[in-house]
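**Q** Under the working numbering, residues 4 to 339 are what the sequence shown spells out, in order.
Derived from the structure by calculation, the hints contain no laboratory data. Since the model is a prediction, treat every value here as computed from it, not as a measurement. Treat each hint with caution, since some may be false.
[What the hints assert, rightly or not] Listed below are the simulated EDC-like cross-link pairs for lysine to aspartate or glutamate, each with C-alpha atoms no more than 16 Å apart in a straight line:
#1 Lys250 - Asp99
#2 Lys271 - Glu248
#3 Lys79 - Asp23
#4 Lys250 - Glu104
[Claimed, not checked] Here are the in silico distance ranges between beta carbons for each label pair:
#5 Lys79 - Lys56: 18 to 26 Å
#6 Lys324 - Glu275: 42 to 50 Å
#7 His322 - Ala112: 37 to 45 Å
#8 Lys324 - Ser172: 41 to 49 Å
#9 Lys56 - Ala112: 18 to 26 Å
#10 Glu74 - Val51: 22 to 30 Å
#11 Glu260 - Ala132: 42 to 50 Å
#12 Pro285 - Ala132: 41 to 49 Å
Just so it is clear, CB atoms sit at the ideal spot from N, CA and C, and this is done for glycine as well.
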Amino acid sequence: MNKEVRGEDALKALSAYLADDMVACNQAIIDRMQSSVPLIPQLGAHLVAAGGKRLRPLLTLASARLCGYGEKEGQKRHIGLAACVEFIHTATLLHDDVVDESTLRRGMASANALFGNKASVLVGDFLFARSFQLMTADGSLEVMAILSAASATIAEGEVLQMSTQNDLSTPIERYLEVIHGKTAALFAAACRVGAVVAQHDREAELALEQYGTNLGMAFQLVDDALDYAADQQVLGKTVGDDFREGKITLPVLAAYEQGTEEERQFWKRVIEDNEQEEADLPHALEIIARTDAIRITIERARDYAGKAVEALACFPESHLKNLLRETVLYTVERAR
4 MNKEVRGEDA LKALSAYLAD DMVACNQAII DRMQSSVPLI PQLGAHLVAA
54 GGKRLRPLLT LASARLCGYG EKEGQKRHIG LAACVEFIHT ATLLHDDVVD
104 ESTLRRGMAS ANALFGNKAS VLVGDFLFAR SFQLMTADGS LEVMAILSAA
154 SATIAEGEVL QMSTQNDLST PIERYLEVIH GKTAALFAAA CRVGAVVAQH
204 DREAELALEQ YGTNLGMAFQ LVDDALDYAA DQQVLGKTVG DDFREGKITL
254 PVLAAYEQGT EEERQFWKRV IEDNEQEEAD LPHALEIIAR TDAIRITIER
304 ARDYAGKAVE ALACFPESHL KNLLRETVLY TVERAR
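Let the hints inform the model, and build the full structure from the sequences given.
**A** Okay, structure coming up:
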């Protein structure tokens, strides 16, 4: 009987289970960050030092292993593709922090705060280029199609988010479209390519894609809730960043819908008109709490988490499957 693990222990256990693969993946990341231009490895070293849970490459490695790949000598494709997924993710973070004017990332000074916006954008471009080199090295047109499509979808999601910024009339469906593009698409691609390299059947490939999609949706919903509910040290970025930037997220939409007319006028001033004073964030947090907006958001995340777990049904029971199931629950439990 496999020992059941819960919460953050599930993610640690998944990392431990895939430790050898992750060591190889991290080495591939370090190797590919090398450049004769000194600023690139300097900024790269800062990103590596900032850590992060490496969830997306873990999903690629885990998906491949779940489908039986990586057990035979010489089966290393999943390593390069996991590094590729991490490069795509890191490149988007570098660009996002510039667009959002963020000063913190994972509890440390963001790259743009230390190295400047120009360096962050250009090194982000370099990492995108490296990711496509890794795709090319893999040699699969199917893998390239999946990851390049995900890269385009991420960019579309970010642009769509910018177009909904400061707009309280944004339908929830449009907000969900935004988070699918900016987050869930890469989760889905990370999982799907694991099944592709394993040359597993189509059912497994699509099941892992659904697992990744729903996990990514739950993950971003919880992130959006934490921006109004977490301690800054826990969150790893400044609490209220989404509020200050006028981002339309489910906590805001729920609070606006559930609020009084006076509270709606408040949201219109601080979000739509972007007229914010020092006392506005604490007041926003009070309204968010009173209208149960965090619970509404987390319940939606739990719905997606349930779908992610259901997507694994076609795989036989195993310790790895259990770790993937518990990783979904950890994603939602972060909001506690």
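**Q** So, for every hint listed, does it hold in this structure?
**A** A quick look at each hint next to the structure:
The hinted pair formed by Lys250 and Asp99 meets the criterion: a straight-line CA distance of about 13 Å does not exceed 16 Å. The hinted pair formed by Lys271 and Glu248 meets the criterion: a straight-line CA distance of about 14 Å does not exceed 16 Å. A threshold of 16 Å between alpha carbons decides the hint, and for Lys79 with Asp23 the separation of about 11 Å falls inside it, so the pair holds. The straight-line distance between the Cα atoms of Lys250 and Glu104 is roughly 13 Å, inside the 16 Å bound, and the hint therefore holds.
Look at Lys79 against Lys56: about 23 Å separates their beta carbons, and that is inside 18 to 26 Å. In this structure the supplied range 42 to 50 Å holds for Lys324 paired with Glu275, their Cβ-Cβ distance being about 46 Å. In this structure the hint that His322 and Ala112 lie 37 to 45 Å apart at CB holds, the actual value being about 39 Å. As the Cβ distance of Lys324 to Ser172 is approximately 42 Å, the hint placing it in 41 to 49 Å holds.
In this structure the hint that Lys56 and Ala112 lie 18 to 26 Å apart at CB holds, the actual value being about 19 Å. Roughly 28 Å separates the CB atoms of Glu74 and Val51, a value that falls within the hinted 22 to 30 Å. For Glu260 and Ala132, the hinted distance range of 42 to 50 Å is satisfied, since their beta carbons lie about 43 Å from each other. Between Pro285 and Ala132 the C-beta distance comes to about 44 Å, which sits within the given range of 41 to 49 Å.
Of the numbered hints stated above, none is contradicted by the structure.
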